[in-house]
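Undergrad: Given chain H, put chain E in place with the hints provided.
Same order as they appear, the protein sequences are chains H and E. Here numbering that gives the first Met the number 0 is used: position 592 in the first sequence is 591, and no number is missing along the way. Here numbering that gives the first Met the number 0 is used: position 52 in the second sequence is 51, and no number is missing along the way.
Calculated directly from the structure, the hints in this document are not laboratory data. Here the structure is a predicted model, which means the values were calculated and not measured. Every clue listed holds true.
Below, a list of computed lysine to any residue pairs in the SDA-like style, where the Cα atoms sit at most 20 Å apart:
no.: 1; chain 1: E; residue 1: K121; chain 2: H; residue 2: R113
no.: 2; chain 1: E; residue 1: K8; chain 2: E; residue 2: P49
no.: 3; chain 1: H; residue 1: K168; chain 2: H; residue 2: H209
no.: 4; chain 1: H; residue 1: K401; chain 2: E; residue 2: L115
no.: 5; chain 1: E; residue 1: K8; chain 2: H; residue 2: A116
no.: 6; chain 1: H; residue 1: K573; chain 2: H; residue 2: G166
no.: 7; chain 1: H; residue 1: K286; chain 2: H; residue 2: T244
no.: 8; chain 1: H; residue 1: K530; chain 2: E; residue 2: R29
no.: 9; chain 1: H; residue 1: K255; chain 2: H; residue 2: G303
no.: 10; chain 1: E; residue 1: K91; chain 2: H; residue 2: P632
no.: 11; chain 1: E; residue 1: K121; chain 2: E; residue 2: A101
no.: 12; chain 1: E; residue 1: K8; chain 2: H; residue 2: R111
no.: 13; chain 1: H; residue 1: K255; chain 2: H; residue 2: R291
no.: 14; chain 1: H; residue 1: K202; chain 2: H; residue 2: N285
no.: 15; chain 1: H; residue 1: K527; chain 2: E; residue 2: T27
no.: 16; chain 1: H; residue 1: K401; chain 2: E; residue 2: I30
no.: 17; chain 1: H; residue 1: K401; chain 2: E; residue 2: H114
no.: 18; chain 1: H; residue 1: K509; chain 2: E; residue 2: Y80
no.: 19; chain 1: E; residue 1: K136; chain 2: H; residue 2: L654
no.: 20; chain 1: H; residue 1: K401; chain 2: H; residue 2: D340
no.: 21; chain 1: H; residue 1: K639; chain 2: E; residue 2: T50
no.: 22; chain 1: E; residue 1: K91; chain 2: E; residue 2: L142
no.: 23; chain 1: H; residue 1: K639; chain 2: E; residue 2: Q152
no.: 24; chain 1: H; residue 1: K6; chain 2: H; residue 2: I39
no.: 25; chain 1: H; residue 1: K639; chain 2: E; residue 2: P49
no.: 26; chain 1: H; residue 1: K527; chain 2: H; residue 2: I577
no.: 27; chain 1: E; residue 1: K8; chain 2: H; residue 2: R113
no.: 28; chain 1: E; residue 1: K121; chain 2: H; residue 2: A116
no.: 29; chain 1: H; residue 1: K401; chain 2: H; residue 2: L344
Here are some of the chain E residues that sit facing chain H, going by a computed Cβ distance under 8 Å:
no.: 30; residue: R46
no.: 31; residue: D48
no.: 32; residue: G71
no.: 33; residue: S76
Partial selection, computed: residues in chain H whose CB lies under 7 Å from chain E:
no.: 34; residue: E102
no.: 35; residue: Q103
no.: 36; residue: W106
no.: 37; residue: H108
no.: 38; residue: R113
no.: 39; residue: R520
no.: 40; residue: G623
Using N, Cα and C, we set each Cβ at its ideal position, and we do this for glycine too.
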Amino acid sequence: MIAQDEKIGVYVCHCGTNISGTVDVSAVAEYARTLPGVAIVREYKYMCSEPGQDLIRKDIEELNLTRVVVSSCSPLMHEVTFRKACNDAGLNGFLFQMSNIREQCSWVHDDRERATAKAKQLLAAAVLRVGQQVAMEERIVPVRPETLVIGAGIAGIEAAVRLADAGRKVYLVERLPSIGGHMAQFDKTFPTLDCAACILTPKMVSVGQHPNIELLTYSEVEAITGYVGNFRVRVRRRATSIDPTKCVGCGLCWEKCAVKKVPSEFDAGMSMRTAIYVPFAQAVPNKPVIDREHCLHFTRGKCGICQKTCPADAIDFDIQDEILDLEVGAIIVATGFTLFDAGELARYGYGRLDNVLTALQFERLSHASGPTGGEILTKSGERPGAVAILHCIGSRDENHLKYCSRVCCMYSLKFAHLVREKTHAEVYNFYIDMRAFGKGYEEFYRRVMSEGVHFIRGKAAEVSTVAETPEEEGKLIVVGEDTLLGVTRRIPVDMVILASGMRPAEGTEKLARILSLGCTRDGFYLEKHVKLAPVDSPSDGIFLAGACTGPKDIPDAVAQGAAAAAGALSLIDKGRVIIEPITSEINPEVCAGCQLCIMTCPYTAIHFDSERNVSVITEELCKGCGTCVAGCPSGAARQKSYEDSQIYAEIEGVLA
Amino acid sequence: MPDQQFEPKIVGFLCRWCSYTGADLAGTSRIQYPSNIAPIKVMCSGRVDPTFVITAFADGADGVLIAGCHPGDCHYSVGNYKAMRRFPMLAKLLDQFGIERARLRLEWISASEGHLYADLVKSFSEEVRALGPLRWKQRIAPLCESVDIARSQAATV
Chain H
0 MIAQDEKIGV YVCHCGTNIS GTVDVSAVAE YARTLPGVAI VREYKYMCSE PGQDLIRKDI
60 EELNLTRVVV SSCSPLMHEV TFRKACNDAG LNGFLFQMSN IREQCSWVHD DRERATAKAK
120 QLLAAAVLRV GQQVAMEERI VPVRPETLVI GAGIAGIEAA VRLADAGRKV YLVERLPSIG
180 GHMAQFDKTF PTLDCAACIL TPKMVSVGQH PNIELLTYSE VEAITGYVGN FRVRVRRRAT
240 SIDPTKCVGC GLCWEKCAVK KVPSEFDAGM SMRTAIYVPF AQAVPNKPVI DREHCLHFTR
300 GKCGICQKTC PADAIDFDIQ DEILDLEVGA IIVATGFTLF DAGELARYGY GRLDNVLTAL
360 QFERLSHASG PTGGEILTKS GERPGAVAIL HCIGSRDENH LKYCSRVCCM YSLKFAHLVR
420 EKTHAEVYNF YIDMRAFGKG YEEFYRRVMS EGVHFIRGKA AEVSTVAETP EEEGKLIVVG
480 EDTLLGVTRR IPVDMVILAS GMRPAEGTEK LARILSLGCT RDGFYLEKHV KLAPVDSPSD
540 GIFLAGACTG PKDIPDAVAQ GAAAAAGALS LIDKGRVIIE PITSEINPEV CAGCQLCIMT
600 CPYTAIHFDS ERNVSVITEE LCKGCGTCVA GCPSGAARQK SYEDSQIYAE IEGVLA
Chain E
0 MPDQQFEPKI VGFLCRWCSY TGADLAGTSR IQYPSNIAPI KVMCSGRVDP TFVITAFADG
60 ADGVLIAGCH PGDCHYSVGN YKAMRRFPML AKLLDQFGIE RARLRLEWIS ASEGHLYADL
120 VKSFSEEVRA LGPLRWKQRI APLCESVDIA RSQAATV
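Same shape as in the complex, but just chain E:
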């Protein structure tokens, strides 16, 4: 039974040109969706460094969304294809960490698809809720000091 009390924390990396604008449109259209998602604006889904995703999980996220422009519609021509190619690699990495793949999503939301964004947040929240809390500290942190090392390296650059 999914824990109804559990409110998953989801971090959304949203492309400024499509998904972030689409999420704004959901707002101007007053389409209601769960408050579990916290958006972080990036210039392109291609900017989403896999380390951002792992860091989000490590910092307490139960789910992570990467949302960019539909294939062929990228504001920077092909940035979303880079995100698309990194995604299977990330998924594999999650496997190795023992994180359920369903906790990470890559989706295409255009600037006019506020309703799709709202639907996505609804369904993704439910899915992550059903998976339960990630419990990084208990489950995964002991396995991967290397992430902390990677982070401290990034911070010093």
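Just chain H, with the same shape it has in the complex:
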């Protein structure tokens, strides 16, 4: 029921032709005039534009509108915009309602008659609903000044340094023993051929030394509670078995370590490390950890040579995992990617044939501090005479990664250049399409083409060792169709590099659950809006940066790290944040004290007041799911913005 003296303004948006292309907007507007309480109906090309919002503001002021409905796009898109317009004109923003006739109507129903009929239904629901809405005050809560950054690759480092430089406290959590991420493993970076270490290590050092950054390496986030501005974070610091206050990083311990055959993660398995180790020479912090899975002391209860050797008495086998409870105002997730496992594509021989390398293995092979000191050599220690680079390994593949991994074309060009430069070998690139989209990338492509690299347009079919001619004997034979010539090519080479695609980092899904983040079909984190809010997550106060939302190159990851820092800074610098009033309340007059709601609440936000014999909700802890309201048998619980009466009005409207 809508009260007699209500004056509802209804605004139907064309959205250019996005809505009016399939919905008869004038018919919808005409229909709106028949709905109860409606005082004025207008249609406009772009309601969200300044003149569109002006229409609403003017009407509120001149016609004394008591409620407003806008029929346009999804409320997830512009609810905040129109709510603000109402507030600016002096109408409480919670007396506004939106109906989504674009995303869930004009864009999904191409039949004009049916789309128009549905738009009318949705509008009727919004008008009836708005009649049940009440003016509310916005809830303002303070924001803590600290930020948690999860993941210390280049995106996380950039975000942390930016915030720390702005004078804000940052907790930087990294799962591995050192910060640096994948970039620390790279040799050169495209297209400038800067040495990755030369541009990254100074940043890593400044992270390690920054007074505002508390670095928590070898640590993982275990739980997060709270809400925007006031998160409580539980971090597990895995036991390193080293007392960091005593260790000076002299390196005697790992020289003496008896376990010497653990494949080095940092060198992508191209070299061996010890059980007590620093992952690489420029690691930050530059102090070792003991890998308890391989250490003889932990696996067999003997050895202890490192402890005997250590001149600083820093090794303590009894150190246990430590649990830290932090309080932060904002969270930046920068958990990055992992390489597609080329072993899943058996036809390319990875893991079966020697000299078939992944991209990361080649980075290490070419790296001055890698296993060969930067010389590109085959397993037998010889310079290759011919090298094939196979693009799109896993990427753009219906059976594996459906998407383009964006960086592989460019790093393949970089590899081609490095191979030519260092070995003068013939280089064959098997590609589907060459994607050189970034600044200076096309120029780099042309440069590499002019260096005598061969480009064969076609995805390689397999890497074979079955020779058909004498010159193929003992070689890796790359077989693939050259789609430009329309012939099958067989290229004998000494080394094959697989340009593997990028997929979400291990643990992405687990962290998604901890943070209540959504993931795309590909497993990457979902942004709030893919174009307009690419570093915001759907949850307020949680930001996303780098390859955790999809494949990115270094410039994009850095830009996102900085952008996420700006997002966090604008939140914490303001010091307070408006929370949508969606929390629940229990009417003590009606509550029967059955306590069923207490069992339904996921946040222990409800307690029982035994004196009054009623359940009570603590608003600060309530997140507004409304589960207790649905479970309350006496109708004592109610949820702001989602009152029963409002939902009933909507049901009535859509079925009118």
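TA: Same frame as chain H, but now just chain E:
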């Protein structure tokens, strides 16, 4: 033979964090589906009071969809489990009302599954179309004045 002229009315209670966003994604991806469904946004599938469902049927819906986050992915940790537990109870209630169980569905649609949402609306619309109109007023209303009583109670709270 299903009545091809009959256009079922379906009310969808969609969780704002997953299914509603997924339905928006179907829109931005321009995936076409039947217009029979009318979405109602809620904060969580756990907010869907069984009375909403019965009311929707009573007000003329031929089918009702409740869609939430996949088990384990609930934005509020466990709200969808509450919806899941209420569902068998609701199904039993439908039996007692003489409403075919197939008219009510509980589904999990994530924010990235716009295509699944579209597929679901297609298949559910066809299924409800095959069942024919619910005809609450003729078939069920005489049996259950109690619902009206429940509704008027809820309205007074």
